[in-house]
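A.B. asks: For reference, the chains in residue letters:
Protein chains: 2
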Amino acid sequence: MTAIKQAAIIGGGVIGAGWISRLIENGIDVSVYDPAADAAEKVEAVLGNSRYAYSKLISGPRCIEGSVQFCDSVSAAVASAELIVESVPERLDIKQTVYAEIEASAATNALIASSTSGIMPSDLQAKMKHPERLLVAHPFNPVYLLPLVELVGGKRTSMATIERARKIYHSLGMHPLHVKKEIEAFIADRLLEAVWRESLWLVKDGIATTQDVDDAVRFGFGLRYAQMGVFDTYRVAGGEAGMRHFMAQFGPCLKWPWTKLTDVPEFTEELVDLIAGQSDEQSGHMSIREMERIRDDNLIAILHGLKGNDWGAGKTLAQYEHQLLQAANDPA
Amino acid sequence: MTAIKQAAIIGGGVIGAGWISRLIENGIDVSVYDPAADAAEKVEAVLGNSRYAYSKLISGPRCIEGSVQFCDSVSAAVASAELIVESVPERLDIKQTVYAEIEASAATNALIASSTSGIMPSDLQAKMKHPERLLVAHPFNPVYLLPLVELVGGKRTSMATIERARKIYHSLGMHPLHVKKEIEAFIADRLLEAVWRESLWLVKDGIATTQDVDDAVRFGFGLRYAQMGVFDTYRVAGGEAGMRHFMAQFGPCLKWPWTKLTDVPEFTEELVDLIAGQSDEQSGHMSIREMERIRDDNLIAILHGLKGNDWGAGKTLAQYEHQLLQAANDPA
Chain X
766 MTAIKQAAII
776 GGGVIGAGWI
786 SRLIENGIDV
796 SVYDPAADAA
806 EKVEAVLGNS
816 RYAYSKLISG
826 PRCIEGSVQF
836 CDSVSAAVAS
846 AELIVESVPE
856 RLDIKQTVYA
866 EIEASAATNA
876 LIASSTSGIM
886 PSDLQAKMKH
896 PERLLVAHPF
906 NPVYLLPLVE
916 LVGGKRTSMA
926 TIERARKIYH
936 SLGMHPLHVK
946 KEIEAFIADR
956 LLEAVWRESL
966 WLVKDGIATT
976 QDVDDAVRFG
986 FGLRYAQMGV
996 FDTYRVAGGE
1006 AGMRHFMAQF
1016 GPCLKWPWTK
1026 LTDVPEFTEE
1036 LVDLIAGQSD
1046 EQSGHMSIRE
1056 MERIRDDNLI
1066 AILHGLKGND
1076 WGAGKTLAQY
1086 EHQLLQAAND
1096 PA
Chain V
766 MTAIKQAAII
776 GGGVIGAGWI
786 SRLIENGIDV
796 SVYDPAADAA
806 EKVEAVLGNS
816 RYAYSKLISG
826 PRCIEGSVQF
836 CDSVSAAVAS
846 AELIVESVPE
856 RLDIKQTVYA
866 EIEASAATNA
876 LIASSTSGIM
886 PSDLQAKMKH
896 PERLLVAHPF
906 NPVYLLPLVE
916 LVGGKRTSMA
926 TIERARKIYH
936 SLGMHPLHVK
946 KEIEAFIADR
956 LLEAVWRESL
966 WLVKDGIATT
976 QDVDDAVRFG
986 FGLRYAQMGV
996 FDTYRVAGGE
1006 AGMRHFMAQF
1016 GPCLKWPWTK
1026 LTDVPEFTEE
1036 LVDLIAGQSD
1046 EQSGHMSIRE
1056 MERIRDDNLI
1066 AILHGLKGND
1076 WGAGKTLAQY
1086 EHQLLQAAND
1096 PA
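Going down the list, the protein sequences come from chains X and V. Residue numbers for the first sequence, in the working numbering: 766 to 1097. Residue numbers for the second sequence, in the working numbering: 766 to 1097.
These aren't lab readings, by the way, just hints derived from the structure by calculation. Any given hint could be a false lead.
Copies of the same chain are indistinguishable here, so a pair counts whether it falls within one copy or spans any two.
Said to hold, decoys possible - Here are the simulated lysine to aspartate or glutamate pairs, EDC-like style, with alpha carbons at most 20 Å apart:
(1) K932 <-> D1062
(2) K821 <-> D803
(3) K807 <-> D794
(4) K1072 <-> D1062
(5) K807 <-> E1005
(6) K969 <-> E947
(7) K770 <-> E830
(8) K1080 <-> E1055
(9) K945 <-> E1046
(10) K969 <-> E949
(11) K1072 <-> E1055
(12) K807 <-> D837
(13) K920 <-> D970
(14) K946 <-> D970
If we strip away everything but chain X, and leave its shape as in the complex, we get (with noise of 0.2 Å):
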């Protein structure tokens, strides 16, 4: 019995249709509704990708896979959801009046869960009938591959609304992370956007190309943060001394640079134009979809081998997904 049977996902681009991966892969019968012409052509190219991913990934039988339906209109695609995930352009006005639409036709009780990786969910709310079920869910790209997603109330969301979503994205293999205050980007959007500011710097000063970037990040900490996050990693470089001595003589040392990186770099279309025509030369012998099967692969052989201490002894990340589901699936 999974915690849910019907979804709705309104917005098919590459996260609305990794939400559509992830969720049929859980044998999740899903409605669509995406004004685009392309839109079914789109979302076909992911659920492909996930496929593939899948028959990898899981060496079991797998569930049997949900159906996707495309809608004429949002309407129609929440009519009989009991989850409905928001996954169109990030522009506030946008979302409330998809709400609108939402509202006019679900069930009362469907959660209505946005993707959004930056608005405030009591912004997206603001103009809610039934504001105590909107949340965000914000999850990562590859949608059906990586676990994390970030739960985020607004002001007006219940904490019944909380607890049901972190049962339901359990019941989807996912590692739900509850940001207890809102914040503008959540938490992982602001290390990244952080990297982003960085290496757009590194780039513009001409220190690195985005392939030395790329390198620096693959080659050294990546692979550090694949399987440990930044404390802990901290935590293990100060050695048996501990955490604070690592922070006081770490912490003075790192004072100096901190300073000079603050500064913003200004958008133009002269950095644009270096960045795009650097990732071209890095990249462009290869298609998107090339790149996609090669990170897939990738994030399979990580999810097959990486075993946490916190997940079960023995446990690989990909079996400590499938417990998650199982667990949330078995009947209470």
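With chain X fixed as given, assemble chain V onto it according to the hints.
C.D. replies: Quick look at chain V alone, frame taken from chain X:
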């Protein structure tokens, strides 16, 4: 035939000991100078980790391990070394004093490589007699497993030094990244410091605990960064429309948080207490040794699993490192 046969390590902390591991695992003899009474004991603990790691990393026959000899002085340690690695504390005056001692006894054609993670090589070499052979070769912890090493020359470093260093680090199975212009913190640590600064804000403001931040990293973008860097990740996210499209879409959206996120948190006792306390709660049930073992097992799984488009079709990162090593060590 390896690129070098004899190296010296000045400073046997976590980084120095990591260098010893990587060198002796590649058959190079190492002499060590560290004035601390427990230096040999601390180095031995790291060697224990690296021997275990290499036995799992390499399935075929391994190199005959190089020897480790502790010396009573810098002078004795460097006398017959072709590569001299300086891994002493991050203070310019201490490092300059060590270089003076090194220059008094080392061969004039020995390479001197600083492990500093932030000090400019031009400052390091300011008082040297033969400054042309000094460079920064900045590794990442654990040095015996992570392939990245940033090579940075100062104003008076010769290109021959950079080229020779590149060959040596290749011959250690590493990925040398030449940072073309000198800047504080080089490439990777600028990115890492940005992440660290944001992480401190998140905990200080009560948005997240250290555990939340770590989970946001390792269940989300950390898995991406292990196998694809910042720019390639966004290139894929932009889809067929390309990098220019991604930047046009994503650039303005990021503008507002940038401004907010560039403040620098004050490094108070209170903040140190908060972080250290949360870190204890998160991981205090494990010893540092246990955490290192978990980290290394996971890194080995990743190195065995990852395949890169740019390092030979079908090759894993572990195989790629071996390929670098073999190519560098082939009699040319």
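A.B. asks: Now, for every hint given, state plainly whether the structure supports it.
C.D. replies: Verification of the hints:
Taking CA atoms no more than 20 Å apart as the test, K932 paired with D1062 passes in neither setting, with 28 Å inside one copy and 31 Å between copies. Proximity of K821 and D803 under a CA criterion of 20 Å is satisfied in neither setting, with 28 Å inside one chain copy and 49 Å between copies. When the C-alpha separation of K807 and D794 is checked against a cutoff of 20 Å, the pair qualifies only within one copy, where the shortest distance is 19 Å, while the shortest distance between copies is 57 Å. Taking identical chains as interchangeable, the C-alpha atoms of K1072 and D1062 lie at most 20 Å apart whether they share a chain (18 Å) or sit on different chains (8 Å).
Within a single copy, K807 and E1005 get their C-alpha atoms only as close as 52 Å, which misses the 20 Å cut-off; across copies the closest is 11 Å, which meets it. In this assembly of identical chains, the alpha carbons of K969 and E947 lie at most 20 Å apart only when taken from different copies (14 Å versus 32 Å within one copy). For a Cα distance limit of 20 Å, the shortest separation of K770 from E830 inside one copy, 12 Å, qualifies, whereas the shortest one across copies, 59 Å, does not. Taking the shortest Cα distances, K1080 and E1055 sit within 20 Å of each other only across copies (16 Å), while inside one copy they are farther apart (30 Å).
With identical chains, the CA atoms of K945 and E1046 are at most 20 Å apart between copies only, with a shortest distance of 18 Å across copies and 42 Å within one. Proximity of K969 and E949 under a CA criterion of 20 Å is satisfied inter-copy only: 16 Å between copies versus 26 Å inside one chain copy. When the C-alpha separation of K1072 and E1055 is checked against a cutoff of 20 Å, the pair qualifies only between copies, where the shortest distance is 13 Å, while the shortest distance within a copy is 28 Å. With identical chains, the CA atoms of K807 and D837 are at most 20 Å apart within one copy only, with a shortest distance of 17 Å there and 67 Å across copies.
For a Cα distance limit of 20 Å, the shortest separation of K920 from D970 across copies, 18 Å, qualifies, whereas the shortest one inside one copy, 42 Å, does not. Taking CA atoms no more than 20 Å apart as the test, K946 paired with D970 passes between copies only; the shortest distance there is 9 Å, against 36 Å inside one copy.
When the structure is compared with the earlier hints, violations turn up for hints 1 and 2 and for no others.
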